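S.K.: Sequence:
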Amino acid sequence: MTVPLPRTAALTGVLATAATFALSACGAASDASTTAGAKSAATATTAKAFGGIDALAKEAKKEGTLHAIALPRDWANYGAVIDGFEKQYGIKVEVENPKGASQDEINAVTSRKGQDSAPDVLDLGSSFAQSAAQQGLLAPYMVAGFADIPDDQKDSIGRWSNDYGGYISFGCDAKRVQTCPTSFKDLLKPEYKGQVALTGNPGKSGSAFGAVYAAALASGGSFDDIQPGIDFFAKLKKNGNYTSVQSTSATIEKGETPISIDWDYLNAGYTDEFKSKGLDWTVAVPSDGQFSQYYSQAINGSAPHPAAARLWQEYLYSTEGQNLRLKGYARPALMTAMKEAGTLDKAAAAKLPKVSGTPTFPTESQQSNAEFTISQGWGQAVSG
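When the letters of the sequence shown are read in order and numbered with mature numbering (1 follows the signal peptide of the UniProt record, and there is no 0), they come out as residues -24 to -1, 1 to 360.
Because the hints were derived from the structure by calculation, they are not lab data. Please read these numbers as outputs of a predicted model, since none were measured by experiment. Do not take every clue at face value.
As the list claims (entries may be wrong) - Now the in silico label distances, taken between C-beta atoms and shown as ranges:
1. K315 <-> E72: 33 to 39 angstroms
2. G60 <-> S359: 41 to 47 angstroms
3. T21 <-> P166: 55 to 61 angstroms
4. T319 <-> A150: 31 to 37 angstroms
5. K330 <-> S93: 41 to 47 angstroms
6. A150 <-> S93: 39 to 45 angstroms
7. G355 <-> T319: 43 to 49 angstroms
To be verified - Once the Cα atoms are required to be at most 27 angstroms apart in a straight line, the calculated BS3-like pairs of lysine-lysine come out as:
8. K230 <-> K151
9. K322 <-> K251
10. K322 <-> K75
11. K15 <-> K34
12. K37 <-> K63
13. K161 <-> K213
14. K37 <-> K68
15. K68 <-> K24
16. K213 <-> K151
17. K214 <-> K169
18. K253 <-> K169
19. K63 <-> K24
20. K253 <-> K75
21. K15 <-> K38
22. K253 <-> K327
23. K38 <-> K89
24. K303 <-> K68
25. K89 <-> K161
26. K169 <-> K251
27. K37 <-> K15
28. K303 <-> K327
29. K151 <-> K330
30. K34 <-> K63
31. K89 <-> K165
32. K303 <-> K322
33. K214 <-> K151
34. K151 <-> K251
35. K75 <-> K165
36. K230 <-> K213
37. K151 <-> K161
38. K75 <-> K315
39. K75 <-> K24
40. K315 <-> K303
Where a beta carbon is used, it is the ideal one built from N, C-alpha and C, also for glycine.
Taking the hints into account, I'd like the entire structure generated from these sequences.
M.R.: What follows is the structure in structure tokens.
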């Protein structure tokens, strides 16, 4: 996850450059987790290369633990995903800083290289995944269903691949807001004074980054020009509608952030969560700024539990793992392939927030330029 979440500025549809990756031989990952045939999990690029899923599972069971960062249980159904993995393989998933962001994950990889406390796996906004790959931080690994992941949603040598995604949406407390907004243009209305919130800083939070990109698309911008999105929030701040309170489930319950711009799967999950508490949380994908983004999975190149890390990837992209994403209102990367194979959970798919048209995505360079623009202009735009 943001719950300032993990992973961040994501955006799908980006082919990372297929550069050669030299796996660093250090720490526990350099000499641990080998089969009797001296195959190392730390260098295995597929389960087959390690002797198959069963061999990988056996070695992972010996490691006993999977270390992750920034995986909130209420984000894209991670609670059920973690529970399912632990039940199936008997491996404990330890999640540090569940409300952390993508940059926090990368910082942990770089600062703890070679240490047992380093994260094994990463869930990153795709821009962060691409950056981590370019820095040589990720291990190439291709899950069993790798070929079915769309080409524009994975690195060609498997350093990262998209897992799940959704659309920027408006979550709205219908009991506190008389008429919930359905467009970015609506957000400028005086009736929303002090009510519009993001999940964090767009330089760290993927959903906030996506919100600025969506606002840009709604305000005459493009994938090449995110500045109109920054200008939109500056205007929203100036007229008093934007609140600097970071939106979380807690602030929503307290009525501090009655309009929260977040991924549709998170807002849809809140609808279910808050219903029993008497809160009427509605969800709308803005009509004038549809922006879709996916989050990517990756393995730390120096993961202290390399077999468990690879087994985790296999579970995430299994039919069970992908359908668990659907049950959390997230759109799985293998959705099209599973639909064709007849393995998709149709009931869960039918509950996804409705959108029209086919999403398009910025290129890697467009996204990098957008990140730079935000880093230079966001603080000044919303300060004061």
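S.K.: Of the hints stated earlier, which fail here?
M.R.: 10, 25, 31, 35, 38 and 39
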